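*Asks:* Following the numbering used here, the numbering of the sequence shown begins with 1 at its first residue and continues without gaps.
Derived from the structure by calculation, the hints contain no laboratory data.
These numbers were taken from a predicted model, which means no experiment stands behind them.
Be careful, since some hints might not be right.
[Unchecked claim] Cβ pair distances, simulated, as ranges: (1) Glu16 / Gln143: 32 to 40 angstroms; (2) Ala82 / Ile11: 43 to 51 angstroms; (3) Leu163 / Leu91: 26 to 34 angstroms; (4) Ile11 / Ser170: 28 to 36 angstroms; (5) Glu120 / Ser170: 26 to 34 angstroms.
We treat Cβ as the ideally placed atom computed from N, Cα and C, and that holds for glycine.
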Amino acid sequence: HPDFSNLEKAIPTMQEIADSLNTGIREQENQQKLLDLSAKGAKGLLQPHRNLVHEGIIQDDSKKKKMHLWLFNDIIIHISEAKTKNKANLLKPEHQWPLHLIWVGPLSEDRGDKKTDSFELIGPTYTYIIKGPPEEVYFWHSQLLKTVGAWLEHQSQNDKVLLSKNIVMSIDNNNRYARFQYQDKSICNGWW
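Please construct the entire structure, taking both the sequences and the accompanying hints into account.
*Replies:* Pasting the structure below:
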């Protein structure tokens, strides 16, 4: 066909346009989910800088129960499925971790009968073992790595304490500098 060459050249451009449209639609849907959470009792989540990246239910293999995760560009909310009915629970500090105190372990494959993958999600107060179908686990793993990495870069470039101490944090470096208040009101401030 005489247009084959031109059509073949157009495919990458069309894919870029489709990807851009899909990203815009997903971002708009996530913003609407954030507004809905706020309207249902989690008003404190609505912050000018905050965007919802992904949310869903995961299997925590360490506790053998389902957890609901909301991944934002600056925090992650982790809460048992039973407690999600009252959206005000999402505002409780014990269910929120700042992303600069999150570590994402490597993917582990279990190719037995159930074909599941897993990884560790390590926070300041608990370690979850996220386990499930490979596609779902891979998606969560990649979203967490990308979002935590972006937040660490943002913190390194914008936090006055980090800048004054010439501290650069990255997803590849396990050392993190932060302040965190535990449920018992004790505070850890410094290197993790």
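*Asks:* Would you pick out the hints that fail for this structure and give their numbers low to high?
*Replies:* 1, 5
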